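*Asks:* What follows is each chain in one-letter form.
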Amino acid sequence: MSLCNRVQKLFSAYYEGELAEDQKIAFEQHLEECPRCRENFSAFKVVCRRLKELPKPKPTPYFDAALYYRVRREQRPASRYAVFPMPSGRTVPVFVAAAVLLVFLGAQLQKAAMDKQIRDLAALNDLLRQNAEVSAHFVVTQIDTTANRIKVIKYINTRPAGVEWVNYPSQASRRTLIDRDADGYPDLRRAPRPATGLFSPQPSDFNGARVIQASQYQF
Amino acid sequence: MAQEKDKVYSDYFDFDALPDEELIRLFQNDELAAYDTLVRRYRDQLYLFAYRFLGNQQEAEDVVQETFLRLFRKRHAYRQIAKFSTWIYTIAGNLAKTELRRRKRRRLVSINDMGFDEKEFEIEDEGMDTEREADSSMTDKLIQQAISELSPRFREVIILRDIQELSYEEIGSILRIPLGTVKSRVNRARLKLQAKLKAIKPENK
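As given, the protein sequences belong to chains Y and X, one line each in that order.
Count the first sequence with the numbering used here and you get residues 1 to 219, in order.
Count the second sequence with the numbering used here and you get residues 1 to 205, in order.
Please keep in mind that the hints were generated in silico from the structure rather than gathered at the bench.
Owing to the predicted nature of the structure, the values given are computational and were not obtained by experimental measurement.
Be a bit skeptical, because a hint or two may be false.
Think about it this way: if two alpha-carbon atoms lie no more than 27 Å apart in a straight line, the pair counts; the simulated DSS-like pairs of lysine-lysine are [as the list claims (entries may be wrong)]:
id: 1; chain 1: X; residue 1: Lys83; chain 2: X; residue 2: Lys104
id: 2; chain 1: X; residue 1: Lys104; chain 2: X; residue 2: Lys192
id: 3; chain 1: X; residue 1: Lys97; chain 2: X; residue 2: Lys83
id: 4; chain 1: X; residue 1: Lys74; chain 2: Y; residue 2: Lys52
id: 5; chain 1: Y; residue 1: Lys56; chain 2: X; residue 2: Lys83
id: 6; chain 1: X; residue 1: Lys104; chain 2: X; residue 2: Lys141
id: 7; chain 1: Y; residue 1: Lys58; chain 2: X; residue 2: Lys104
id: 8; chain 1: X; residue 1: Lys192; chain 2: X; residue 2: Lys83
id: 9; chain 1: Y; residue 1: Lys52; chain 2: X; residue 2: Lys196
id: 10; chain 1: X; residue 1: Lys198; chain 2: X; residue 2: Lys183
id: 11; chain 1: X; residue 1: Lys192; chain 2: Y; residue 2: Lys24
id: 12; chain 1: X; residue 1: Lys97; chain 2: X; residue 2: Lys196
id: 13; chain 1: Y; residue 1: Lys24; chain 2: Y; residue 2: Lys45
id: 14; chain 1: X; residue 1: Lys141; chain 2: Y; residue 2: Lys45
id: 15; chain 1: X; residue 1: Lys192; chain 2: Y; residue 2: Lys56
id: 16; chain 1: Y; residue 1: Lys45; chain 2: X; residue 2: Lys192
id: 17; chain 1: Y; residue 1: Lys58; chain 2: X; residue 2: Lys97
id: 18; chain 1: Y; residue 1: Lys56; chain 2: X; residue 2: Lys104
id: 19; chain 1: X; residue 1: Lys198; chain 2: Y; residue 2: Lys56
id: 20; chain 1: Y; residue 1: Lys9; chain 2: Y; residue 2: Lys58
id: 21; chain 1: X; residue 1: Lys141; chain 2: Y; residue 2: Lys52
id: 22; chain 1: X; residue 1: Lys141; chain 2: Y; residue 2: Lys56
id: 23; chain 1: Y; residue 1: Lys24; chain 2: Y; residue 2: Lys58
id: 24; chain 1: Y; residue 1: Lys58; chain 2: X; residue 2: Lys83
id: 25; chain 1: Y; residue 1: Lys52; chain 2: X; residue 2: Lys183
id: 26; chain 1: Y; residue 1: Lys56; chain 2: Y; residue 2: Lys45
id: 27; chain 1: Y; residue 1: Lys9; chain 2: X; residue 2: Lys183
All chains should be built: construct the whole structure from the sequences, respecting the hints.
*Replies:* Right under this line is the structure:
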């Protein structure tokens, strides 16, 4: 290996001041004597400096909103179709047909159940509208058919006549109505604890607010 | 009274003052404000890394988003033995390299299938100030082009060292290579870059 090659290997160490005193002297001496290495080293220094000076672009302003949107999706319960994994690669067609049929039936069953819940809720809402004088805290919920979940729409203070409730919604579920930023995305810094049901209140969150007398109102 | 009730954990603690390892520990206990703090702390530097590595704004954002999503999903995979910063950089680095391979495959497919050459592959320079004087932006562009021509293993060390200004020790633990190897690889990467950038003359200071 030529001396020039060995000196080149020390460019970074010299540039960053990591050479021992005697190596440093030898390095400088070689640069004195060798115009090619001298020129290379000055170009080397320029490259290092220019790299440090490169502009440091930042992500677009939409970055956070997009990220939190995806994070929120992570927190949703799995899609109703997720229980039927798509067969991959070479699969027997009969199996594929069976899977498709199962998905179809599953979706129909789900839809029927959801329809019933929606009818129940409509009836419940009627009752709530007629309302009564007794003051308490109640949750009004709505079934979000696209996301397949129950979501809280408001809290009221009056109890509908003829409906008996057990307990009040827990503190945790009350706080599932979380703050949103200007773009309508959840502000995670103010997100409630515990994290369960953060963006998508689960039915279990409303156990305390369940209707017990009129059985058709159970959800 | 009502305000008192609405207060959440993050109102009582200054998350920005906590070290990464404490934040990830809180996040593993479902404290989302800690996640938010980590995202804000690492977003820009991971983006800079991905942007210089891939030379493309959109791909860089995708990589960083995916990195943070993995952080969200796999928070429990983190063990306190490693530094958080090296862990997150390792994830981002692997995703960026995957993106590079995918891009190569895409180009291969498009050439084979469509029967034409992608001649106009150009390094995008969005996100930078276009109003700047032509000379300096030209050289910025040239430098980015030269970085993109380096092989990935040289590219990553030069970005981590010269653009992100990380220590050799940190680079070694991110890339899981010994300190001596990091140093010699950085030196070789700089020499390669210098050879590619002969156009930049020392006198244009």
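*Asks:* Please name the hints from earlier in the document that this structure breaks, with their numbers sorted from lowest to highest.
*Replies:* 1, 4, 8, 20, 23
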